[in-house]
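So the protein sequences, as listed, match chains A and B.
Residue numbers for the first sequence follow our numbering, beginning at 4 and rising by one.
Residue numbers for the second sequence follow our numbering, beginning at 7 and rising by one.
It is worth saying that the hints were derived from the structure and are not from the lab.
A virtual CB, placed ideally from N, CA and C, is assigned to each residue, including glycine.
Treat the hints with care, as some may be off.
Here are the computed lysine to any residue pairs in the SDA-like style, where the Cα-Cα straight-line distance is at most 20 Å [stated by the list, open to error]:
(1) B:Lys62 to A:Arg72
(2) B:Lys62 to B:Asp172
(3) B:Lys62 to B:Ala96
(4) B:Lys8 to A:Arg72
According to the in silico footprint, chain A covers these stretches of chain B (three or more CB under 8 Å from chain A) [unchecked claim]:
(5) 42–48
(6) 101–113
Residue strings, one per chain:
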Amino acid sequence: MPTQFEVNGRAVEVEVEPRMSLADCLRHELHLTGTHVGCEHGVCGACTVLIDGEAVRACLTLAVQVEGRKVVTVEGLSSEAALSPLQASFRRHNALQCGFCTPGMITTAHALLSEEPDCDADRVREVLSGNICRCTGYIPIVEAVLDARAAYKNGGK
Amino acid sequence: MKPAAFDYAVPATVAEAVALLAQHEGAAKPISGGQSLMPVLNFRLAAPSLLVDLRKLPDLDRIVVAAEGTRLGARVRWRDIEKSAALAAAGGQPLLCAGIEHVAHYQIRNRGTVGGSIAHADPAAEMPGLAVALDARIRIVGVAGERVVAAADFFTGPLSTVLGHDELIVEVLLPAWPAARRWGFEEFARRRGDFALAGAAVWFDLDAGGRAANAHVGVIGLSDRPRRLAAVESVLNGKLPDAATIAAASAAASSAVDPLNDIHASADYRRALAATMVGRALTTAAAR
């Protein structure tokens with residue numbers, strides 16, 4: 004089924020089976036392998052992408068359902084040239100070890116901070132409770148997200 | 007972990023959607039946010055031949071708060087309820103808002119819908135439990151026309167409802183909420199956003215003498231479907247909602263539920279949780 008949407012600011016058209024998830028479409032059709040696939044049933048959060056600015060689970064969304072929508076993946080949140088404020092903060096706080104969950108953490112935190120740049124630690128923990136990390140114990144991740152708030156308060160991304 | 011193949015249709019009207027469901031005689035499934043259906047498809051617990059996407063159906067994403075009651079369109083998402091100023095304001099639906107805060111995780115809240123959760127009918131889910139506790143009515147459209155079913159009669163068991171394969175939930179209707187009504191919502195889950203091991207949605211009015219009247223005690227995760235506990239309500243009605251009454255109601259809750267043993271918790275533990283959740287929710291309600 005032909006499906007047109009926008010990925011990271013670029014218009015794309017893919018020919019996919021209706022059963023293909025948005026996560027598989029991004030990875031296998033569009034070769035955007037930053038979106039990771041963990042549990043495939045909406046529990047781990049590794050596949051989080053933004054649809055029209057809202058964080059969603061790409062494993063629980065069909066590619067055909069994003070017809071006409073704006074999708075942003077972790078690749079769309081930074082340039083090759085420099086780390087984004089969130090990425091830099093994750094690096095500063097050692098907020099990743101194996102890195103598998105990191106794309107989902109970054110996309111989720113980006114959506115949160117874009118909408119709620121004044122959120123507190125409880126809110127960060129609540130939102131990140133939908134993203135499983137098996138390495139870090141979360142403390143450096145929460146610290147990294149809190150530390151990145153300043154960049155979003157000034158409208159920076 | 008990949009769904010079996012299916013066809014996909016995006017009807018423009020409710021009439022077209024139910025016609026498609028009817029033509030496929032039970033082999034078609036409606037999808038909106040997909041936050042309950044997609045896991046079911048990925049695990050191949052269901053393998054419909056057609057998905058009917060509701061995303062273009064007009065008006066089903068509306069929240070209307072009026073003097074005669076509240077109307078939630080079937081496509082209203084948890085995020086929409088969370089952000090609704092009308093639901094949060096005086097004259098809104100405070101118990102609904104408090105309960106919906108517990109639904110799922112951030113990303114799922116951006117897609118999951120009122121109609122989807124009610125159609126899925128998980129015994130531990132918040133929206134079905136709130137619908138029963140709030141005396142909601144569910145407006146359903148089929149090829150033969152429209153009907154309205156009380157939430158108390160809608161759920162028939164785990165993942166089972168009276169919804170026909172050719173019918174679509176279009177709206178949930180909640181009675182107006184008097185400002186003086188006392189209410190509480192409590193839920194216990196291992197991780198916030200996970201399914202409740204047990205939860206309670208309670209409310210009552212106060213008569214001229216300050217005694218509880220019209221008590222409603224709804225529970226989730228404690229039976230094969232969301233239900234009200236008549237035995238607990240009768241303990242409350244006509245009594246001052248003081249510590250002794252709440253203790254008696256809490257004890258009654260423990261014996262009024264019929265939980266199952268499962269991988270998440272034993273039946274005995276859930277019985278104890280029933281007493282704790284109902285007790286805490288009533289304590290909050292009485293203190294408002």
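Status of the hints after comparison with the structure:
1. B:Lys62 to A:Arg72: OK: B:Lys62 and A:Arg72 at ~13 Å, within 20 Å.
2. B:Lys62 to B:Asp172: This hinted pair holds, its Cα atoms lying about 18 Å apart.
3. B:Lys62 to B:Ala96: 32 Å, violated
4. B:Lys8 to A:Arg72: 23 Å, violated
5. 42–48: holds (count 4)
6. 101–113: holds (count 4)
The structure is inconsistent with the numbered hints 3, 4, although it conforms to all the rest.
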